[in-house]
Amino acid sequence: MSEEKKSAPLFSKKNMALIKNPLNTINPVTIQVLGICSALAVTVQMDNAIVMSIAVMAVLVIGNVLVSLMRNIIPGRIRIIVQLVIVAFLVICVDQILKAYVYDVSKSLSVFVGLIITNCIIMGRLEAFALGNKPWASILDGVGNGFGYGLVLVVVAFFKEVFGSGTLTIPGLGKLTIVPESFYAMDYMDNGLMLLPPSSLFIVGIYIWVQKARNPELIGE
Amino acid sequence: MEYINIFIKSAFIDNMVFTFFFGMCSYLAVSKTVKTATGLGAAVIFVLLITVPVNYLLETYVLKEGALWWLDGEGETYFAKQDLSFLSFIMFIAVIASIVQLVEMLVEKFSPALYGALGIFLPLIAVNCAILGASLFMQQKQFANIGEATVYGLGSGFGWFLAIVLIAAIREKIKYSHIPGPLKGVGMAFILTGLMGLAFLGFLGFEL
Chain A
1 MSEEKKSAPL FSKKNMALIK NPLNTINPVT IQVLGICSAL AVTVQMDNAI
51 VMSIAVMAVL VIGNVLVSLM RNIIPGRIRI IVQLVIVAFL VICVDQILKA
101 YVYDVSKSLS VFVGLIITNC IIMGRLEAFA LGNKPWASIL DGVGNGFGYG
151 LVLVVVAFFK EVFGSGTLTI PGLGKLTIVP ESFYAMDYMD NGLMLLPPSS
201 LFIVGIYIWV QKARNPELIG E
Chain C
1001 MEYINIFIKS AFIDNMVFTF FFGMCSYLAV SKTVKTATGL GAAVIFVLLI
1051 TVPVNYLLET YVLKEGALWW LDGEGETYFA KQDLSFLSFI MFIAVIASIV
1101 QLVEMLVEKF SPALYGALGI FLPLIAVNCA ILGASLFMQQ KQFANIGEAT
1151 VYGLGSGFGW FLAIVLIAAI REKIKYSHIP GPLKGVGMAF ILTGLMGLAF
1201 LGFLGFEL
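First to last, the sequence lines map onto chains A and C. Take the first sequence: its letter number 30 is residue 30 in the working numbering, and every next letter is one higher. To get the working numbering, take the position in the second sequence, counting from 1, and add 1000.
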């Protein structure tokens, strides 16, 4: 940790890059291929996706800060266990909060709240970033990666819900009808495939296709 | 018969990868060759076969509401009233992490080649969602006895093994196909998994 970093402004270019890059060029889900399990499974309804993104972001930011504060006292050999305990503790808190305030969503997320513990994004960021950086940079990194994860979830959920059931469930606004009744009168039908698990895979696959086609420098291999 | 049904249900109908997307990270990252995929798949089966029954015992005798009845003396009900289920995440992950450590040491000792090939992904089995996910589903399904829980672990592991070996075989072949540049690699793997998932939907409702 060099000295000149201390005097850098809070929102310097370098720090803003920590937030901006995960949204596109180093997106944790589509480019680094981390944390896919939950990203695909909770996207049948928009509100599940939004609550899940907020939960992951909260765990990521707080976990990043805690690990970053403790980075000099965690022994290298047992760091994975220490990180797991920190994350498990945070996820238990998140789970209890969700059960207390948004019980319905918590029910439909079922085991996927618990699976935040094993979300590779969180372990990956703790291991790759928080262990070697200061708390403020770690907060920004957590926020950036949280948004990068949330972005993909919201996009997938949008397509799945609009084309699968013709509605959009947004927290606070309830279930909005997107496809008007007159469409159904003209023999428009909801696409049942969109409600099945494989469709999220197709949507993410196409998302990656579009993203890489727009950013040719991302095509590796 | 009950056991066979649980096995078929967990391996094919509720396949971990195609239905719940468990363990997708290592599924996509280690599925480039059949050999490493087989190794990781076998490691996952082995770990699931141990962790699910151990966590079942933990759940039944420590964590569940009323599970601590055996601590009470004659005529007391103090411990039987406790509900420790909020601790299940941290207990399950502790069991999983220690068992994975054990498997890692065994593989390193008996098969250094496999150890080299699996590289970073062996310790990462600890944070493989498939392992914790199976334990959490075991908790949700409330199996009647430890035998059913073990079969469930075996079936889930087998389903995962099947999925990763299949996709690895397909990816080995598809290397020589003409795929649009941006879709190469991960993008194509996603779409392939989706197609395989559609095929696995054919098992829906299958029962002996």
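Everything labelled a hint here was simulated from the structure, so no lab data went into it. It is possible that some hints are incorrect.
[Claimed, not checked] Derived DSS-like pairs (lysine-lysine); straight-line CA-CA distance at most 25 Å: (1) C:Lys1064 to C:Lys1175; (2) A:Lys13 to A:Lys107; (3) C:Lys1035 to C:Lys1141; (4) C:Lys1035 to C:Lys1109; (5) C:Lys1009 to C:Lys1184; (6) A:Lys107 to C:Lys1141; (7) C:Lys1173 to C:Lys1184; (8) A:Lys107 to C:Lys1009; (9) A:Lys20 to A:Lys175; (10) C:Lys1081 to C:Lys1173; (11) C:Lys1184 to C:Lys1081; (12) C:Lys1032 to C:Lys1141; (13) A:Lys99 to C:Lys1064; (14) C:Lys1141 to A:Lys99; (15) A:Lys13 to A:Lys99; (16) A:Lys107 to C:Lys1175; (17) C:Lys1175 to A:Lys99; (18) C:Lys1064 to C:Lys1081.
[To be verified] Some chain A residues flagged as far from chain C (calculated, every beta-carbon gap over 10 Å): (19) Leu34; (20) Ala41; (21) Ile80; (22) Ala88; (23) Ser110; (24) Ile139.
Fair warning: this is a prediction, and the values are worked out from it, not measured in the lab. Glycine included, every Cβ here is placed at the ideal spot set by N, Cα and C.
Against the structure, the hints come out as follows:
no.	hint	verdict
1	C:Lys1064 to C:Lys1175	violated (49 Å)
2	A:Lys13 to A:Lys107	violated (41 Å)
3	C:Lys1035 to C:Lys1141	violated (34 Å)
4	C:Lys1035 to C:Lys1109	holds (19 Å)
5	C:Lys1009 to C:Lys1184	violated (33 Å)
6	A:Lys107 to C:Lys1141	holds (14 Å)
7	C:Lys1173 to C:Lys1184	holds (13 Å)
8	A:Lys107 to C:Lys1009	holds (23 Å)
9	A:Lys20 to A:Lys175	violated (31 Å)
10	C:Lys1081 to C:Lys1173	violated (58 Å)
11	C:Lys1184 to C:Lys1081	violated (56 Å)
12	C:Lys1032 to C:Lys1141	violated (34 Å)
13	A:Lys99 to C:Lys1064	holds (17 Å)
14	C:Lys1141 to A:Lys99	holds (19 Å)
15	A:Lys13 to A:Lys99	violated (39 Å)
16	A:Lys107 to C:Lys1175	violated (42 Å)
17	C:Lys1175 to A:Lys99	violated (46 Å)
18	C:Lys1064 to C:Lys1081	holds (10 Å)
19	Leu34	violated (6 Å)
20	Ala41	violated (5 Å)
21	Ile80	violated (7 Å)
22	Ala88	violated (4 Å)
23	Ser110	violated (7 Å)
24	Ile139	holds (22 Å)
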